[in-house]
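First to last, the sequence lines map onto chains A and B.
By the count of my numbering, the first sequence reaches residue 244 at its end, each step adding exactly one.
By the count of my numbering, the second sequence reaches residue 537 at its end, each step adding exactly one.
Because the hints were derived from the structure by calculation, they are not lab data.
Note that the Cβ used here is the ideal one computed from N, Cα and C, for glycine as well.
Just to be clear, a hint being listed does not mean it is correct.
[To be verified] Selected chain A positions facing chain B (Cβ under 8 angstroms, derived; list incomplete):
{"#": "1", "residue": "Q97"}
{"#": "2", "residue": "Y207"}
{"#": "3", "residue": "L230"}
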Amino acid sequence: MTLKVLLVEDDRELRSMLRDVMTVEGYDVVTAASLAEGLALLQHGGQARSASQAWVDLVVLDLGLPDGDGETLLAHLRRRHGTPVIVISARQSDGQKIRLLDGGADDYLVKPFSAGELLARMRVCLRHRGTHAMPAVTRYESDGLCIDLTAHQVLSGGQPVHLTPTEFKLLARLVRSAGQVVTHRQLLTDVWGSEYAEHTHYLRLYMGQLRAKLEASPAEPHRLLTEPGVGYRLVDPSA
Amino acid sequence: MRGILRYRLMQSSPGTSTKKLRIQRLLLGTGTWALGWVGMHAVDGRFAVANLAMMLVLVSAMATLWLSTRTSMLLSMASVLAFNWTFVPPRQTFHVDVMQDGILLGSMLLVSWLIAILMARQRSATQEAQRHARQAEQLRGLNETLRDGAAPTADMRHVAQALHDLVDAEVVLLVLRGEVPASNDAAQAEWLGMPTADESAGLWHCTRERSAFGPGTGRYESLTSWYLPLRGGTAAYGAAVVRAPGALLADRTALRQAQALCDQYGLALERRAATQAAEQARQLAQIQAVRNAMLAAISHDYRTPLATILGAASSLVEQDAKLDATRRERLARTITEEAEQLARLTDNTLQLARLTTTGVELQMDWESPEELIGALMHRTRRRARGQRIRARVEAGLPLIRCDALLLSQLLDNLVDNALKYSDGSQEVEIVVRHLGGHIVFAVKDRGAGVPMEWRERIFDAFQRGEAVAQGAEGDAPSRRGAGVGLTVCRAIAQAHGGELRYRARPHGGSSFECWLPEAETPRINPACVEANQ
């Protein structure tokens, strides 16, 4: 079964180029040029697979739409479905982008971006698709790092790594979204609690400790990647 | 006359001490009279009546120095009558021989009165002169205070205080923020004091009309307060309402002085507006100059990569059949690289425009230098020439307070330049250190360095000069587009309260150093700290 992608982008050239890129990769692409069209397509564009699964497998959503806010579409989608959403933002420092990530969007790209980057993000998102329905990710294996969340065990190059409870919680949160960006706010809220949502310095401290334990060269990390101004990303295990 | 005496400005000392002074003077005056009478009785019989009469005139003149005009005149008259009773024969009668003593007594009375009146005139002239001096001094003092250019609200308080000092009255001020608004919008003005609805309407009216009204002004005489415009040379910049006590409202002199104070403030406001307008014009001219430089640079820095992209892309379209796979791939790579360059140039130009606008809000957060460098390394390694980069981050660096995206842009630009302006075989090194209250990010290359005369100019927008290009060797096309990069870097460093410096390296090459001030890292709640076994 081909995977269906809804692409909401108002610029004609970019839309058709992205459609071509995705089609070549084997996706079935439906495009919308405005928020209204995107919403209409989501509601009536096809037969929903189930109560929790929309007819599309992935939404790629541009933020700079002529007729409204991308948040509207995300909110509509999140009311019923866990369909993954990738946000495309025109500006690096875009508050809306972070709000959408905090509001449940799965990943983001800043224009201009390469086709390869987009496709890689799409693959990660699709792998995570519907995780809330399926058993959660409990195992992560990549490049000599092996994390088993149920056994509470972390091995690096075959050697056990001792982590403090908070370090482990933080790493576990990243494992559950492996390959995807997790915003500062999400990490702080999930690991320390919502009253710590603005305490970025906690995150810096504990991420530093994790890097020291898990990275061969903490100044040049290959596993725990920093997305400046946004959050952290545990490198995609298939990458 | 009595009204004027009530001015606080007029009073050498206010309140109770004035009353004390008045009693003192009354005692001195009456004491003089008493002494005079004692003296006259003492010499009575030894001297002729005419001598006694001269003594009385003398005493009368002396007493006038301390007594008010009316008291002096009354006492003089009483004394002349008593003199007649006591000393003029036939004694113990008011009977006067008109030819003999009538002229004497009449002259005594008239001379005493004349002295009293002259004294009063003199006194009032002195008081008037003193009052003028004080008012001039008040105006000068206010002018001085206003010229110091304190905060506008502080100036308003000074003016209100000056008016209060003048007439001992409550004052409400309205000062326009800008032009006179179309409607009486309270938000368009600064206010001092709480005006009633009527006063508020009056103040707006006064500002628009640019003329005073209220008692003594000839307009709306029935009002109980003065409405005075704050007039500059050409316009009114606001108005004041002075709730002066009833007795003072009719006083023209006080009104004139109050208006003079208001006008002085109006002139100060006009001066300030003129200075602001000049500053705005200067900024506008500067913005225009920057814009012109940008347009010139855009036409050069943008067209060149665009030409490459267009050339490569059109070659792919038009010569497709004639191209082998290697050539095709090379063209596609050229397009990618040039597009990336163009994206960076766009980012820098936009960022510079954003940072040079006042009131930019940075997204400040606590950032780890190690992470910023880690992310930078990750980005750089993915680029074509990014393999020869090394990073050294001192252990145990404190967190820094910065905008992560801006600082990343700064580091990207420095690394980009270092890769561009140094030989492809030489290492580019990034060093982060803790140095005397600063965190220093240094990007070092072994390129040709920057000639002495260019070391400051490279930080000016679009000053990428031939000297730099000539000084360095290698392929010319990759040397484009530094026109705005360093300017943005410096602007970013300065926006963080830091500095971007150039340092020539001892054995050749450049070191660009971003010095950021160290900030006190917030504490971690001890309950959240865990033992690290």
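Against the structure, the hints:
1. Q97: With a closest approach of 5 angstroms, the Q97(A) hint holds.
2. Y207: 6 angstroms, holds
3. L230: Where the cut-off is 8 angstroms and the nearest Cβ of chain B is about 6 angstroms from L230(A), the hint holds.
Hint violations for this structure: none, all hints satisfied.
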